[in-house]
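Participant: Per full-length UniProt numbering, the sequence shown starts with residue 1, numbered consecutively.
None of these hints come from the bench; they were simulated from the model.
What you are looking at is a predicted structure, and each value in this text was computed from that prediction instead of being measured.
C-beta: ideal position from N, C-alpha, C; glycine also.
Keep in mind that a hint or two might mislead.
[To be verified] Restraint ranges, calculated between C-beta atoms of paired labels, are given here: (1) 2 - 60: 16 to 22 Å; (2) 66 - 33: 18 to 24 Å; (3) 10 - 32: 27 to 33 Å; (4) 82 - 32: 36 to 42 Å; (5) 35 - 79: 29 to 35 Å; (6) 63 - 16: 17 to 23 Å; (7) 17 - 71: 16 to 22 Å; (8) 41 - 72: 15 to 21 Å; (9) 10 - 57: 15 to 21 Å.
[Claimed, not checked] Each computed DSS-like pair below joins lysine-lysine, with the alpha-carbon atoms no more than 30 Å apart: (10) 34 - 3; (11) 18 - 3; (12) 50 - 34; (13) 50 - 3.
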Amino acid sequence: MEKFNVLLNEISRDLNPKDLEDLVHICRIEESRKPTITSGHHLFTHLRHKRRISEENVDYLKHILNAIHRRDLVSLVERFEGLETLTTDFGRIIADVKPEL
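Go ahead and model the full structure; you've got the sequences and the hints to work with.
Facilitator: Here's what the structure looks like:
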């Protein structure tokens, strides 16, 4: 979970005000919630609460970042996905190894 939070913080820092405005529009944030979305962090917290993004599911995150033409940020998410896959696969490999007696 910590790695995912770091990823979201990094993306949030790299968003400019226009990016954030576009993301809020793309994500169809309710009018009543829009005033509370003043940063990428707020937006991502909202999307996590709505279960649109999670550590295990970053497809929507990639989709919305592509929609605002931030391929650099999509690349960050893809690198995160690759690291998570490697970590999971390594864990499976270790679990499959049986000590010889």
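Participant: Which earlier hints can't be squared with this structure?
Facilitator: none
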